[in-house]
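A.B. asks: Sequence:
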Amino acid sequence: MVELEEVLAPGPGEPERLRGTVRVLNVTYRKAVHVRASWDRWRTYRDHPARYVPGGSPDGGLSDRFTFSLPFGPGRQPGEEEEGAEARLDFVIRYQTDEGVYWANNQGKNYSVVLKGLAPPRAPPRTAGQDGAAQQLKSCMRPERMR
Numbered sequence: 068m069v070e071l072e073e074v075l076a077p078g079p080g081e082p083e084r085l086r087g088t089v090r091v092l093n094v095t096y097r098k099a100v101h102v103r104a105s106w107d108r109w110r111t112y113r114d115h116p117a118r119y120v121p122g123g124s125p126d127g128g129l130s131d132r133f134t135f136s137l138p139f140g141p142g143r144q145p146g147e148e149e150e151g152a153e154a155r156l157d158f159v160i161r162y163q164t165d166e167g168v169y170w171a172n173n174q175g176k177n178y179s180v181v182l183k184g185l186a187p188p189r190a191p192p193r194t195a196g197q198d199g200a201a202q203q204l205k206s207c208m209r210p211e212r213m214r
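In the working numbering, the protein residues as written are 68 to 214.
Hints were generated in silico from the structure; no laboratory data involved. Check before you lean on any hint, since a few could be wrong.
Computed Cβ-Cβ distance ranges for the label pairs, DEER-style [said to hold, decoys possible]:
| no. | residue 1 | residue 2 | range |
| --- | --- | --- | --- |
| 1 | Arg118 | Gly167 | 17 to 25 Å |
| 2 | Asn173 | Arg118 | 15 to 23 Å |
| 3 | Arg84 | Asp107 | 12 to 20 Å |
| 4 | Val168 | Leu129 | 16 to 24 Å |
| 5 | Tyr112 | Gly167 | 39 to 47 Å |
| 6 | Pro121 | Leu75 | 13 to 21 Å |
| 7 | Arg108 | Gly128 | 36 to 44 Å |
The list that follows gives simulated cross-link-like pairs (lysine to any residue, SDA-like), each with its CA atoms no further than 25 Å apart [said to hold, decoys possible]:
| no. | residue 1 | residue 2 |
| --- | --- | --- |
| 8 | Lys98 | Gly127 |
| 9 | Lys183 | Trp109 |
| 10 | Lys176 | Leu92 |
| 11 | Lys176 | Arg110 |
| 12 | Lys176 | Glu72 |
| 13 | Lys98 | Arg86 |
| 14 | Lys176 | Met68 |
| 15 | Lys183 | Arg84 |
| 16 | Lys176 | Gly80 |
| 17 | Lys183 | Leu156 |
| 18 | Lys176 | Pro77 |
| 19 | Lys98 | Pro116 |
| 20 | Lys183 | Ser105 |
| 21 | Lys98 | Gln163 |
| 22 | Lys98 | Asp126 |
| 23 | Lys176 | Glu73 |
| 24 | Lys176 | Arg97 |
For every residue, glycine included, the Cβ atom is placed at its ideal position computed from N, Cα and C.
With these hints in hand, go ahead and build the complete structure from the sequences.
C.D. replies: As structure tokens, then:
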């Protein structure tokens, strides 16, 4: 009745959001698809509505597609790239119709995605012959006067 079709992780320079596509059987006109997500291993969770994709059915209307976009957790700020820092996102999908409620939950294991932080860029190594004085940058601040 409902399946996770695709998950896309953020690429370099993109906002830290998990995007995905869900496919549901078109059993009724009235339907709702939500992604239930947790950033603390299910101590708390939040339901996010998925958006219908018009014309997204490649099978002549037997199924419908929905898309979602979820931020990586509240303890991780956008652009945070500490070495070893990571954000975990667990989620399941709920498909609700007048006929019932159906879940996609990875065969009872839930879906889990971990975004691992990257080491920040390091300064290039100094090569022999570089003069430390030549590398000194000028400051726009006034030097402190000796007393």
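A.B. asks: Are the hints correct? Go through all of them and say.
C.D. replies: Hints and how they fare:
{"no.": "1", "hint": "Arg118 / Gly167: 17 to 25 Å", "result": "holds, 22 Å"}
{"no.": "2", "hint": "Asn173 / Arg118: 15 to 23 Å", "result": "holds, 22 Å"}
{"no.": "3", "hint": "Arg84 / Asp107: 12 to 20 Å", "result": "holds, 18 Å"}
{"no.": "4", "hint": "Val168 / Leu129: 16 to 24 Å", "result": "holds, 20 Å"}
{"no.": "5", "hint": "Tyr112 / Gly167: 39 to 47 Å", "result": "violated, 21 Å"}
{"no.": "6", "hint": "Pro121 / Leu75: 13 to 21 Å", "result": "holds, 20 Å"}
{"no.": "7", "hint": "Arg108 / Gly128: 36 to 44 Å", "result": "holds, 39 Å"}
{"no.": "8", "hint": "Lys98 / Gly127", "result": "holds, 18 Å"}
{"no.": "9", "hint": "Lys183 / Trp109", "result": "holds, 20 Å"}
{"no.": "10", "hint": "Lys176 / Leu92", "result": "holds, 22 Å"}
{"no.": "11", "hint": "Lys176 / Arg110", "result": "holds, 16 Å"}
{"no.": "12", "hint": "Lys176 / Glu72", "result": "holds, 17 Å"}
{"no.": "13", "hint": "Lys98 / Arg86", "result": "holds, 21 Å"}
{"no.": "14", "hint": "Lys176 / Met68", "result": "holds, 18 Å"}
{"no.": "15", "hint": "Lys183 / Arg84", "result": "holds, 13 Å"}
{"no.": "16", "hint": "Lys176 / Gly80", "result": "violated, 31 Å"}
{"no.": "17", "hint": "Lys183 / Leu156", "result": "holds, 11 Å"}
{"no.": "18", "hint": "Lys176 / Pro77", "result": "holds, 23 Å"}
{"no.": "19", "hint": "Lys98 / Pro116", "result": "holds, 11 Å"}
{"no.": "20", "hint": "Lys183 / Ser105", "result": "holds, 17 Å"}
{"no.": "21", "hint": "Lys98 / Gln163", "result": "holds, 6 Å"}
{"no.": "22", "hint": "Lys98 / Asp126", "result": "holds, 18 Å"}
{"no.": "23", "hint": "Lys176 / Glu73", "result": "holds, 17 Å"}
{"no.": "24", "hint": "Lys176 / Arg97", "result": "violated, 28 Å"}
Going through the hint list in order, the structure does not satisfy hints 5, 16 and 24.
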